Structures are given as C-alpha cells and as structure tokens.
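Engineer: Residues per chain, in single letters:
Protein chains: 2
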Amino acid sequence: MAQSGNETPVPKRYTYTPESLLAVAVEVFNERGYDGTSMEHLSRAAGISKSSIYHHVRGKEELLHRAVSRALDGLFGILEEPGAHRGRAVERLEYVTRRTAEVLMTDLPYVTLLLRVRGNTDTERWAMGRRREFDQRVTDLLEAAAGEGDLRADVDLRLATRLLFGMINSMVEWYRPEAGGASAVEQVADVVVRLAFDGLRK
Amino acid sequence: MAQSGNETPVPKRYTYTPESLLAVAVEVFNERGYDGTSMEHLSRAAGISKSSIYHHVRGKEELLHRAVSRALDGLFGILEEPGAHRGRAVERLEYVTRRTAEVLMTDLPYVTLLLRVRGNTDTERWAMGRRREFDQRVTDLLEAAAGEGDLRADVDLRLATRLLFGMINSMVEWYRPEAGGASAVEQVADVVVRLAFDGLRK
Chain A
763 MAQSGNETPV PKRYTYTPES LLAVAVEVFN ERGYDGTSME HLSRAAGISK
813 SSIYHHVRGK EELLHRAVSR ALDGLFGILE EPGAHRGRAV ERLEYVTRRT
863 AEVLMTDLPY VTLLLRVRGN TDTERWAMGR RREFDQRVTD LLEAAAGEGD
913 LRADVDLRLA TRLLFGMINS MVEWYRPEAG GASAVEQVAD VVVRLAFDGL
963 RK
Chain B
763 MAQSGNETPV PKRYTYTPES LLAVAVEVFN ERGYDGTSME HLSRAAGISK
813 SSIYHHVRGK EELLHRAVSR ALDGLFGILE EPGAHRGRAV ERLEYVTRRT
863 AEVLMTDLPY VTLLLRVRGN TDTERWAMGR RREFDQRVTD LLEAAAGEGD
913 LRADVDLRLA TRLLFGMINS MVEWYRPEAG GASAVEQVAD VVVRLAFDGL
963 RK
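These protein sequence lines are chains A and B, in that order.
Per this note's numbering, the first sequence starts with residue 763, numbered consecutively.
Per this note's numbering, the second sequence starts with residue 763, numbered consecutively.
Just so you know, not all the hints are guaranteed correct.
Cβ pair distances, simulated, as ranges [unchecked claim]:
#: 1; chain 1: A; residue 1: E910; chain 2: B; residue 2: S800; range: 54 to 60 Å
#: 2; chain 1: A; residue 1: R848; chain 2: B; residue 2: F838; range: 25 to 31 Å
#: 3; chain 1: A; residue 1: D835; chain 2: B; residue 2: R938; range: 47 to 53 Å
#: 4; chain 1: B; residue 1: W936; chain 2: A; residue 2: D835; range: 47 to 53 Å
#: 5; chain 1: A; residue 1: M890; chain 2: B; residue 2: E910; range: 40 to 46 Å
#: 6; chain 1: B; residue 1: T868; chain 2: A; residue 2: D897; range: 24 to 30 Å
#: 7; chain 1: A; residue 1: A915; chain 2: B; residue 2: W936; range: 18 to 24 Å
#: 8; chain 1: B; residue 1: E948; chain 2: A; residue 2: A915; range: 17 to 23 Å
#: 9; chain 1: B; residue 1: R820; chain 2: A; residue 2: E793; range: 28 to 34 Å
#: 10; chain 1: B; residue 1: W936; chain 2: A; residue 2: D797; range: 17 to 23 Å
#: 11; chain 1: A; residue 1: E935; chain 2: B; residue 2: L919; range: 15 to 21 Å
#: 12; chain 1: A; residue 1: T777; chain 2: B; residue 2: W936; range: 24 to 30 Å
#: 13; chain 1: B; residue 1: G911; chain 2: A; residue 2: T777; range: 27 to 33 Å
#: 14; chain 1: B; residue 1: W936; chain 2: A; residue 2: D884; range: 20 to 26 Å
It is worth saying that the hints were derived from the structure and are not from the lab.
Model, not experiment: these values are computed from the prediction.
For each residue, glycine too, the CB sits at the ideal point set by N, CA and C.
Required output: the full structure, derived from the provided sequences and hints.
Structural biologist: Structure below.
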C-alpha cells in the first residue's frame with residue numbers, strides 16, 4: 763500500500779503488452795486526472811517497475827497520446843462508414859449520432875479521457891483540436907440537413923449541436939457497461955437517437 | 763503573485779459581505795476543485811486575511827454548504843412554482859425542464875459547483891443526496907406523463923431522465939452568460955425544451 767521509492771521492486775503480476783499497459787494507464791488517468799498521475803502511480807497500478815514502463819513508452823504523455831488517439835480513431839472512423847455517406851443529410855446525421863453513442867459506450871474509458879483533457883500539454887491541445895474538428899463535421903451535417911428542410915427551422919444549429927453532444931457526452935458520467943453487451947449498447951443508442959430526433963413527447 | 767505565508771497582510775480591496783465572499787469562494791472552488799482549495803487560496807482570491815474570512819464562516823465547508831444550498835434552493839424552488847402544479851403531467855414536466863435550464867444559467871457558478879461535488883465530506887454527500895431527490899421528482903413527473911399517455915412508450919424512463927439531465931447539465935460546460943441577459947436565457951431554455959420534447963427533426 764505504502765510502496766514507494768524509485769526502484770523498489772514491485773511484484774510482476776503478468777507480462778504487459780503495450781495494449782494492457784494502455785488500459786491500466788487510462789484507468790489511472792480517469793481516476794486521478796492526467797495532471798495528478800505520476801509514473802510512480804502508473805508503475806504501482808500496473809504492478810511493474812517504472813523502467814519496464816519506459817521499455818514500452820517514452821513517458822506518460824505518450825500513453826495519453828495513444829489513449830486519446832484510440833478514442834479519436836473510433837469517432838473519425840464513423841465518418842468513413844457507408845452509413846455516414848448514404849441518403850439524405852438527416853439520415854447521415856442520425857447514423858453518426860447513433861454510432862457516436864455506440865463508440866462512447868464500447869470505448870468508454872478512452873472517450874471519457876478524451877472528453878476530460880483540458881489543454882495543458884501539446885497532446886491535450888492536439889486532442890481538443892481534433893474534438894473540435896469532429897464536432898464541426900457534425901455541425902456541417904446539421905446544416906446540410908437543415909438546408910434540405912428536414913430539421914426544425916426554429917432552433918439555432920450551433921446551440922442544437924452543443925445540446926446534442928451534451929446529451930451524448932453526459933453518458934461518460936453515468937453509463938456503466940452491464941450484462942447485455944452489444945445488444946444493451948444498441949438499445950441505449952436507440953433511445954439517444956429517438957430522443958434527439960423525435961423528442962420525448964408522443 | 764508569489765504572496766504566501768500564513769499571516770501575510772493582503773490588500774483589503776473592499777468590505778466583504780457574506781454574499782460577496784460566497785461569490786469569490788464559488789469561483790475558486792470551480793477553478794481549483796473543492797478539495798484543491800485551501801483557506802489560503804480563498805484569502806488571496808478575496809483579498810482579505812484568513813481571520814477576516816473566519817469572522818464570516820467557520821471554514822471552507824460552510825462556504826461549500828452555503829453555495830450548494832443556493833443552487834439546491836433554486837432547483838427545489840421550481841417545484842413549488844404554480845407552473846409545476848398546473849395542467850397535465852407532460853406540461854408540468856415541460857415547465858420544470860424549462861425552469862431547470864433557466865436556473866442553471868442564472869445561478870451558473872452555484873449549479874456548476876453542485877454538479878461537480880463528489881462526496882468526500884458530509885456536505886458533499888448531503889448535496890448529492892438532495893440532487894438525487896430532485897432527479898427523482900423529475901422522474902416521477904416523467905412517469906406520470908407516461909401514465910397519462912403523453913410520452914412515447916418506446917423509451918425507458920430512467921434512461922430518458924438521465925439523457926434529459928445530461929443535456930441540461932452539459933450547459934455548465936459550455937454556456938457562458940453574454941449580452942442579452944434574461945431574454946438570451948429564455949431563448950436558450952426554449953431550445954432545450956423544444957429539443958427535449960419534440961426533437962430535432964421537422
């Protein structure tokens with residue numbers, strides 16, 4: 763518990779791969795905040811020495827970069843899928859909304875970290891810039907759908923985009939994966955889409 | 763800038779009232795986090811000595827209690843307003859949604875603080891309990907509206923409540939008071955209500 767000191771040998775639980783080390787790092791970043799996480803914290807959480815970590819990565823910023831890249835690849839990947847290019851803009855928008863909610867749930871810790879970065883390092887500023895790009899792509903879709911006459915004309919689109927993302931992104935605060943797996947994810951994404959496009963009222 | 767030390771005299775900018783001290787404290791809590799704020803930080807931000815602060819309050823937890831009480835009084839006050847008791851449940855629900863968004867905007871720093879408390883002290887746990895009570899009152903309204911047949915039957919109401927609050931609460935992340943004052947607040951609240959009840963689609 764109070765294990766500390768630079769080179770204290772820590773029990774080697776199992777062999778770490780870059781992937782499993784990343785999963786542990788993301789967990790610690792989300793719990794303590796990126797700024798509040800030291801290599802010592804990562805070493806203790808992973809149960810491997812700091813020098814073993816340095817064998818895999820140059821430092822904690824590289825772990826942050828890999829983690830937010832995974833979330834961003836998931837999000838930008840949506841925009842390359844056929845559903846994001848097929849049909850009227852409102853259908854493409856609905857597709858992207860549904861898939862954004864799904865990616866958030868399936869890559870929950872990575873997207874949580876992405877949404878919490880605050881811009882103190884180059885990696886954080888880069889991640890925030892990429893997030894804004896993604897948001898802009900969705901705003902473009904909203905504008906296209908409004909231009910095709912499929913969205914209500916009485917709401918400000920920038921405001922609507924913020925509220926839409928506000929609703930989706932809030933899921934990192936309360937969504938917890940449970941039994942049900944892929945079908946549960948699909949059901950939740952379905953409610954998100956229905957609320958966003960058709961509202962609560964019958 | 764580097765002013766520190768326990769009893770360093772700090773410039774007395776003007777006379778503090780409990781109300782203006784509270785406003786400064788809430789600002790500092792939101793910026794540094796409640797856990798990360800010391801009486802020294804509060805003293806420096808307010809420009810008065812720690813002993814002057816202790817003249818007003820017993821300590822930082824009392825300031826937190828007063829601040830979250832203000833947010834909670836605003837929210838629970840909505841439930842006492844005539845609009846929350848008049849008409850069908852779906853109309854009362856719409857009224858409470860609109861007013862919740864308005865209270866969030868008019869009491870922004872206080873509601874922001876309320877939404878960020880995490881339960882490390884008695885005051886934080888009490889505030890979280892009161893928040894859950896408020897959420898439950900809204901869930902009750904959703905259930906009543908569903909019972910009266912006015913809400914879509916194909917969405918889970920607990921999930922819908924979370925997404926609804928997710929959308930509203932996200933405003934603390936991006937809403938910034940601008941020129942326009944009360945009318946701007948009303949317009950934003952209007953969009954929140956339209957999206958929540960009628961959705962984006964025309």
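Engineer: Now tell me if each hint is right for this structure.
Structural biologist: Now the hints, each set against the structure:
1. Between E910/A and S800/B the CB atoms are about 55 Å apart, so this pair conforms to the stated range of 54 to 60 Å.
2. At about 48 Å, the CB distance of R848/A to F838/B disagrees with the hint of 25 to 31 Å.
3. A hinted range of 47 to 53 Å is violated for the C-beta pair D835/A and R938/B, which are about 31 Å apart.
4. At about 25 Å, the CB distance of W936/B to D835/A disagrees with the hint of 47 to 53 Å.
5. Taken as a hint, the range 40 to 46 Å holds for the pair M890/A and E910/B, whose Cβ atoms sit roughly 44 Å apart.
6. At about 26 Å, the beta-carbon gap between T868/B and D897/A stays in the expected band of 24 to 30 Å.
7. In this structure the hint that A915/A and W936/B lie 18 to 24 Å apart at CB holds, the actual value being about 23 Å.
8. Between E948/B and A915/A the CB atoms are about 19 Å apart, so this pair conforms to the stated range of 17 to 23 Å.
9. Between R820/B and E793/A the beta carbon distance is about 31 Å. The supplied range of 28 to 34 Å therefore holds.
10. At about 22 Å, the CB distance of W936/B to D797/A agrees with the hint of 17 to 23 Å.
11. Restraint check, E935/A to L919/B: a C-beta distance of roughly 18 Å satisfies the suggested window 15 to 21 Å.
12. A C-beta distance of roughly 43 Å is found between T777/A and W936/B, which places it outside the suggested range of 24 to 30 Å.
13. At about 59 Å, the CB distance of G911/B to T777/A disagrees with the hint of 27 to 33 Å.
14. Evaluation of the 20 to 26 Å hint for W936/B and D884/A yields a pass: the beta carbon distance comes to about 24 Å.
When each numbered hint is compared with the structure, violations occur for hints 2, 3, 4, 12 and 13.
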